[in-house]
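J.: Keeping the supplied structure of chain B fixed, place chains G and U upon it in accordance with the hints.
Chains as they are written, first to last, in numbering that gives the first Met the number 0: chain B, 0 to 310; chain G, 0 to 264; chain U, 0 to 270.
Do not take every clue at face value.
What the hints assert, rightly or not - Residues from chain B shown here face chain G by an in silico Cβ test under 7 Å; the list is partial:
#1 Leu76
#2 Glu80
#3 Tyr90
#4 Tyr103
Unchecked claim - One-sided excerpt, in silico: chain U residues whose CB lies under 7 Å from chain G:
#5 Arg11
#6 Leu14
#7 Leu22
#8 Ser25
#9 Ser26
#10 Arg29
#11 Ala31
#12 Ile32
#13 Ser35
#14 Ala68
#15 Ala69
#16 Asn72
Derived by calculation from the structure, the hints in this document are not laboratory data. The beta carbon of each residue, even a glycine, is placed where N, CA and C say it ideally should be.
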Amino acid sequence: MAAVVETEALTKVYQPGLGKTGVLALKDLTMSVEEGEVFGLVGPNGSGKTTCLKILLGLAYPTKGKARLFGKSVFDLSAKERVGFMPEAPYFYDHMTGEGLLNYFATFFGMGRRERKERVNELLNLVGMHERRSMALRYYSRGMLQRIGLAQALLNDPALLILDEPTSGLDPIGSYQIRALIREMKTRGKTVLLCSHLLGEVEALCDRVAVLHRGNMLALGQMKDLLPVSERATVIAGRLSEEAMAELKSKWQVAGPSNGMVEVLAQNPEEVNSIIDFVRGHGGEVYEIVRPRQTLEEFFIRAVRGDQEAS
Amino acid sequence: MAKVKRRAHFLRATLAIARNAIGEALHRIIFQVILLFGVLLVVGGSFFTYMAPAEEHKMLTDLGLSIIAAFGMMLAIFMGVMALQPEIERRTIYALLAKPVRRWEFVVGKYVGALAVLLVSVTVMGAVFMTMLYVREGNFYAEMAEAIGTTFLGLGVMLALAMMISTFCSTLITVIAGVVLWIMGYMQSYLGDVFAQHAESGLLRAFIGVLGVVLPNFDKFDLRMQVVDQVRIDPSMVHSMFWYGLEYTAVVLVLAIIFFNEKQV
Amino acid sequence: MTGEGFGRRRARWALIAVAVVCLAMSSLERRAIEKSPSYKPYLSDVTVVTGVGDAGTLAILAVLGGFRAAAANMLWLKSDYYWHLGGAGWWKMRPMFDVITRLDPQFVMAWRTFGWHVAWNLHADAAPEDKPRYLKEGEEIFRRGIHANPNSWELRMELAWLFHDRIRDSEKAIPLWWDVVRKPRAPIYNWHMLAHAYARTLNWKKSAETWGRVLKIDPTDMVARRHLARWRRVMKDPALLRQELRRVWTTEQAIRRSRGIPTLPEPEILH
Chain B
0 MAAVVETEAL TKVYQPGLGK TGVLALKDLT MSVEEGEVFG LVGPNGSGKT TCLKILLGLA
60 YPTKGKARLF GKSVFDLSAK ERVGFMPEAP YFYDHMTGEG LLNYFATFFG MGRRERKERV
120 NELLNLVGMH ERRSMALRYY SRGMLQRIGL AQALLNDPAL LILDEPTSGL DPIGSYQIRA
180 LIREMKTRGK TVLLCSHLLG EVEALCDRVA VLHRGNMLAL GQMKDLLPVS ERATVIAGRL
240 SEEAMAELKS KWQVAGPSNG MVEVLAQNPE EVNSIIDFVR GHGGEVYEIV RPRQTLEEFF
300 IRAVRGDQEA S
Chain G
0 MAKVKRRAHF LRATLAIARN AIGEALHRII FQVILLFGVL LVVGGSFFTY MAPAEEHKML
60 TDLGLSIIAA FGMMLAIFMG VMALQPEIER RTIYALLAKP VRRWEFVVGK YVGALAVLLV
120 SVTVMGAVFM TMLYVREGNF YAEMAEAIGT TFLGLGVMLA LAMMISTFCS TLITVIAGVV
180 LWIMGYMQSY LGDVFAQHAE SGLLRAFIGV LGVVLPNFDK FDLRMQVVDQ VRIDPSMVHS
240 MFWYGLEYTA VVLVLAIIFF NEKQV
Chain U
0 MTGEGFGRRR ARWALIAVAV VCLAMSSLER RAIEKSPSYK PYLSDVTVVT GVGDAGTLAI
60 LAVLGGFRAA AANMLWLKSD YYWHLGGAGW WKMRPMFDVI TRLDPQFVMA WRTFGWHVAW
120 NLHADAAPED KPRYLKEGEE IFRRGIHANP NSWELRMELA WLFHDRIRDS EKAIPLWWDV
180 VRKPRAPIYN WHMLAHAYAR TLNWKKSAET WGRVLKIDPT DMVARRHLAR WRRVMKDPAL
240 LRQELRRVWT TEQAIRRSRG IPTLPEPEIL H
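Extracted from the complex, chain B is given alone in its bound form (with noise of 0.2 Å):
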């Protein structure tokens, strides 16, 4: 598969005026998103996120290094005819409505009356802005905005989509129906480059993931790599005797009872395996096997703190 967006060495140094030292936003960022992955791109403020984006998006300029969108160059507008993009707090134009924007967005993509009009009507209802279309977008809530701010970075139907902060300001349900449309566009082939500070939602939606870190990349890579499942496991078991307890704790590490069940701790696999074994054999049951695994957020905190001390 080709890849869709590939930075290589990508720089940014903002120089702030005359005789001042520059601001590092962004250092020799290497990497590319795939075509049809979910790519999250996650850091704390200031970590160059934005820095990224903006120059994937031609807003601003890198000071060295290259940047390429479908193969192309960030600058080449058949590139961003396949790009989709809802900025992070979208405020558009106090006094459009709703419809009235997403017209004037479409217009761009040289869609005519009636294909405009079908693509507006769609839209609003994926969105869920269908009645409230014909209302200035001064009178819209955070969440609104974020609902039309989606619907005109899907107007070209993009085959990359590039999202900041797409659930902030959205109630459960509104996240949840984001979340739900992502991956809908997964299974439609679609790239998607998320950019989120809701960690667990870039767990929960991305392939991959990219570590910023005061312009600094930290780490990159698949879930599953950077996030692995330990081999060590927990057993809950129950129903035991007294006799079978006693032979439990004997051998293996055991917290409990507690309200009649146990938790027995494994180191691997085949350790599972004879705690279940013996439990079914002493006319035990088991009840779950839980095996730990490091979350997204507790990597993220390990890798900045890391990156801070390195400093």
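T.: Using the frame of chain B, we list chains G and U on its own:
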């Protein structure tokens, strides 16, 4: 799902941006206030004359055309300032420039939209003024329309200048620069005649000459004196005014595009 | 440099080239405007505004920019207030008119009123030893106004009238009346004044000739017809002619005496 085309023709994109700019401007309170004050002053100014008929005509004409020029300039500066900078500050530009829109289409579209609003404003003030003249004197003066038209050319230049300056300066600096250019633009023949003739060094004269080329000559768009003195206006002069305005505006817009192209939003 | 950067630089240079070409063309158009016969720049002649050499005033003029004419009108209205005030108000009008004519050198009425006010009103109000100064100043004002408004017959008329009526120097008035009548829009009565000026210098032939020209312009002019008939009647008889010339002469000397202007020695033609 509807089939999506790729990209709009540059004219269509530019006109769409222009239409949006018109909508934005018309909804801004400050635009409405400036226009209202302009119209009120044009009407009110006609009550400040109480001289002999020939003098009264001069008063009315001078005052009316001056108010239209002054308020037109204020509107041009204000609209130039509001064209680009707020889009960047409020980040409405992100969603737009992420679309297949060229930056020059954005700048030109904004200019065309603002110019259209300026045209409507000048037309409203001009219509009120000419109606007042008709009510007071019973005559319709077609040459007033010509004077207002050439004033509008100057306003188009100021609008482009304000937009260009706003691409690299803050709102306040742009307004100040606009006012300074307004004054210097009207001083051009004064600079050329008085200073240049009295300048001791050739270098100073050359510098003044360069200033005359580089700075806008707003006095070249001014037909007020000719209208008041009832001097026959040579059509070729009006023709030259039009082309001067168009060419100078093109220079400024090109610079605005260059600066905006380099701008990191 | 990356390919993208090079492409952008090329586009930038192309735009700069377009800007330079447009600037050059706009400069040519600007020159064309300045050369046009109907172009009227503000403060077109340095002598108009640097007559007094007041740099401070010039700075104010510059700042006023495009509002010069409107500011001049406001001051013009204010000057009416001082006129009705009289006394010291009359003297306040003098600097006010000065500013008005600097602000708006094409404000012909302001020049006319300025010169008249100085040469007539201030002259009348001034001490005897100061009076000649105000006549001179009035003359200068009219000349400056003419310089700023070369097509104005009104200002030339005011200057001619100053010499004809106020100063009573008909020799100097005659060429000035000729300046007036040569202007396309000057009314016919200026020809009358020219004829009268010739009569005052006792050049009866030229006076009659002038009345004849008036009749050619307007055959219905009864004033011209009357005066021409009178000259034709008296020139047939030398005694009558001398009598008429003496009448004109003595009337003029009487007016001069009443206004405190020195009388002139009697010319040979009257003997």
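J.: If a hint holds in the structure, say so; if it doesn't, say that too.
T.: Right, here's what the structure says about each hint:
Proximity of Leu76 of chain B to chain G holds as hinted, the smallest CB-CB distance being about 4 Å (cut-off 7 Å). Restraint check, Glu80 of chain B versus chain G: the minimum CB separation of about 5 Å is within 7 Å; hint holds. Taking 7 Å as the C-beta cut-off, the interface hint given for Tyr90 of chain B holds, the closest approach to chain G being about 5 Å. With its C-beta approaching chain G no nearer than about 6 Å, Tyr103 of chain B sits inside the 7 Å limit, and its interface hint holds.
The interface hint given for Arg11 of chain U holds, since its Cβ lies 6 Å from the closest Cβ of chain G, which is under the 7 Å cut-off. For Leu14 of chain U, the interface hint holds, since its Cβ comes within 7 Å of a Cβ in chain G; the closest pair sits about 5 Å apart. A least Cβ separation of about 5 Å between Leu22 of chain U and chain G falls short of the 7 Å threshold, and the interface hint therefore holds. Hint on Ser25 of chain U holds. Least Cβ distance to chain G is approximately 4 Å, under the 7 Å limit.
Because the beta carbon of Ser26 of chain U sits about 5 Å from the nearest beta carbon in chain G, less than 7 Å, this interface hint is met. Interface restraint check: Arg29 of chain U against chain G, minimum CB-CB distance 5 Å, threshold 7 Å, status holds. Using the Cβ-Cβ criterion of 7 Å, the hint placing Ala31 of chain U at the interface with chain G is satisfied: the shortest such distance is roughly 4 Å. Hint status for Ile32 of chain U: holds, given a least beta-carbon distance of 5 Å to chain G, under 7 Å.
The interface hint given for Ser35 of chain U holds, since its Cβ lies 4 Å from the closest Cβ of chain G, which is under the 7 Å cut-off. The interface hint given for Ala68 of chain U holds, since its Cβ lies 4 Å from the closest Cβ of chain G, which is under the 7 Å cut-off. About 4 Å separates the beta-carbon of Ala69 of chain U from the nearest beta-carbon of chain G, less than 7 Å, and the hint is met. Evaluation of the Asn72 of chain U hint against chain G yields a held restraint, the C-beta minimum of about 5 Å falling below 7 Å.
The structure meets every hint from the earlier list without exception.
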